[in-house]
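Protein chains in written order, with numbering that gives the first Met the number 0: chain A, 0 to 401; chain B, 0 to 109.
Source of the hints: derived by calculation from the structure; they are not laboratory data. All C-beta atoms in this analysis are idealised placements derived from N, C-alpha and C, irrespective of residue type, glycine included. There's no promise every hint is true.
Derived list of chain B stretches under chain A, where covered just means 3 residues or more per stretch with a C-beta under 8 Å from a C-beta of chain A [unchecked claim]:
#	stretch
1	25-35
2	39-45
3	66-76
One-letter residues, chain by chain:
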Amino acid sequence: MSETIVIIGAGQAGAQAVQSLRAEGFTGPITMVGDEAYPPYQRPPLSKAYLLGTFERPRLFLKADAYYAEAGCELLVNTSAKAIHRAERTVELTDGRKLSYDKLLLTTGARVRRLKCPGADLPGVHYLKTIADVDGLQDVFQAGKRIAIVGGGYIGLEVAAVGAKRGLDVTVFEAMDRLMARAVSPELSAFYAAEHEKAGVKLKLKTGVEAFEGNGKVEAVIAGGERTPADIVLVGIGVIPCDELAVQAGLASEDGIVVDQNARTGDPHIWAAGDCTRHVGREGHYIRLECVQNAIDQAKHAALAMVGRPKTYSEVPWFWSDQYDLKLQIAGLARPTDRLVLRGDPGLRKFAVFHLRDGAVAAVEAVNAAPEYMIGKKLVASAAKIAPETLSDMSIPMKQMA
Amino acid sequence: MAAAKYKVTYIEDGGKTHTVEVAEGWSLMEGAVKHLIPGIDADCGGACACATCQVYVAPGWQEKLPPKSDMEETMLDFAPDVRPNSRLSCQLRMSAALDGIVLNLPKSQH
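This is chain A alone, in the form it adopts within the complex:
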């Protein structure tokens, strides 16, 4: 009798797992459970082209509608899992049904971190994580409206860029002293701050939000002791891994379901992949990644392990962000202690920042600089040692450095 696989979470990692399980020859039944109304879709465009209105909803979906049936995967949308019963190897759904599994994959993703300040529950305070979130925002996301964005990270700044483009009056509140502080070097933060200001976005750094005010709906943001009127608020202050099912089932989680380099949890019948996990990164310590790359690569490795051909997951993480006409591409994980080497001229809006650690390339941040990113990613993978003066020398093509 063939084994049954259940996947909880119908996002990028879940869809990848279905595809990889089939590609690796798994022929048994697969059931995938997702709590949203839609089959797996791409989230990155939500805060970019989908919000801008240049990318229609059907294009968000990762597969054709017929794919799941054709692939022998029963896809249950609008369905939530309530509990994992490890002893009897079943997943209990909130509608009372029980799904038996031989192998279980958790691709539960992450949910937005919510603000808890006074007024945070007022209508008009939005978050951005799902199709429904963006659709709920579209009606009010109109030229002339004043939008207050809480959080100067990827989501907040991508929305700021779209807002500026669509003629909204945009103010960004960021508690740290620079933009995207968790994700990029100070050099990049300064560059992006200047770009946003050039586009008319008002930046309030070192300004934590204390409260929202309004009668029946949000009308103002109280931050840094000042009151800023706003028609809309968009909060983008990070995500929290959805690890509750795992924790309730007694699996280890430390701000992310703990898995090894084969995406295995402590239960030999359960794997996990994507934003919901904390895994041993290629540098040997536990990390949590929130990105498409990790969803795809970790799900591929989970699938390999589930069919009995485990392979160590050690891919270089990569990320991208589109703001205005700037394509930011990042490979590797930077540390504050890295030595930074600038290549190119930020004034030309085309440059890269290399991060050297013990003389080796550990990360690269590239702005409109595809060669620096593509070669840089290879240099990160091989931990190549390259002299700073070589990296910064624009007369030496990137190709010669690989």
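Assemble chain B onto chain A, guided by the hints.
Leaving out everything else, chain B in the frame of chain A:
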């Protein structure tokens, strides 16, 4: 009203042929991915950020395609086994002019 659809033929490296319909305005990468045609990874979903959707355009079709942007040009530079008829399929939009286009897929995108 549903968008018009046109035919695209994708040929895997091993010779297996898939002819599918792709809606006007969609990218030829999306056409392949949504029909689960093996050989196009498109990890970034069409943001021209990964160079994992390379195709080889069959003779006769290249001149019907718009020229490469700088970004496509540079990203392609780093894809494996690039040939003169290589394109990144995420940058190619379906249109009536491309009805029937034939694309060969590389052995690997990585």
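- Item | Hint check, failures only | none
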